[in-house]
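Colleague: Sequence:
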Amino acid sequence: MTRLTDLPGEVTTLVAAILEALDLPLPSIEDADERKHYRVLEKRAQDVSIGLSMLLKYSDEMPVEEAVVYVRDWTKRHPATYTPFDVTKTEEKG
43 MTRLTDLPGE
53 VTTLVAAILE
63 ALDLPLPSIE
73 DADERKHYRV
83 LEKRAQDVSI
93 GLSMLLKYSD
103 EMPVEEAVVY
113 VRDWTKRHPA
123 TYTPFDVTKT
133 EEKG
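For the sequence shown, the positions run 43 to 136 when the numbering used here is used.
Quick caveat, the hints were computed from the structure, so don't treat them as lab data.
Don't take every hint at face value.
Unchecked claim - Below, a list of computed lysine-lysine pairs in the DSS-like style, where the Cα atoms sit at most 27 Å apart: (1) LYS99 / LYS118; (2) LYS85 / LYS99; (3) LYS78 / LYS99.
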C-alpha cells in the first residue's frame, strides 16, 4: 500500500485542499445555523466533486495544481457564515 508521503507533492496538496473544503465547524443547535451549515457543506462537496471530475476527464490537459486552485477558489466563495457550535454554552445549561 502506498503512503500519502509516497505520493507526488501535488497530489498531497490536492488532498489537503479537499480536506480544507469539507472540514467545516459544527453549527450551533439553532435550526437556521444547521440549515446554513448543510448548504455550505453541500455546495463545497459539489464543488470538490466537479473539480475531481474535471481532473479525471481532462487528465491529459489539466494539471493537478489547477484542480487545487479551483477547489480552493470555490471554497472561498462559500464561507461558513453560521454560528459555530459552542460546547461551553451547552455545558452551562446542563
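Colleague: So if I understand the rule, the pair passes when the alpha-carbon distance is 27 Å or less; does LYS78 with LYS99 pass?
Modeller: 31 Å, violated
Colleague: If you draw a straight line from the CA of LYS85 to the CA of LYS99, is it 27 Å or shorter?
Modeller: 21 Å, holds
Colleague: CA of LYS99 to CA of LYS118, is that 27 Å or under?
Modeller: 24 Å, holds
Violation of the numbered hints given earlier is confined to hint 3; every other hint is satisfied by the structure.
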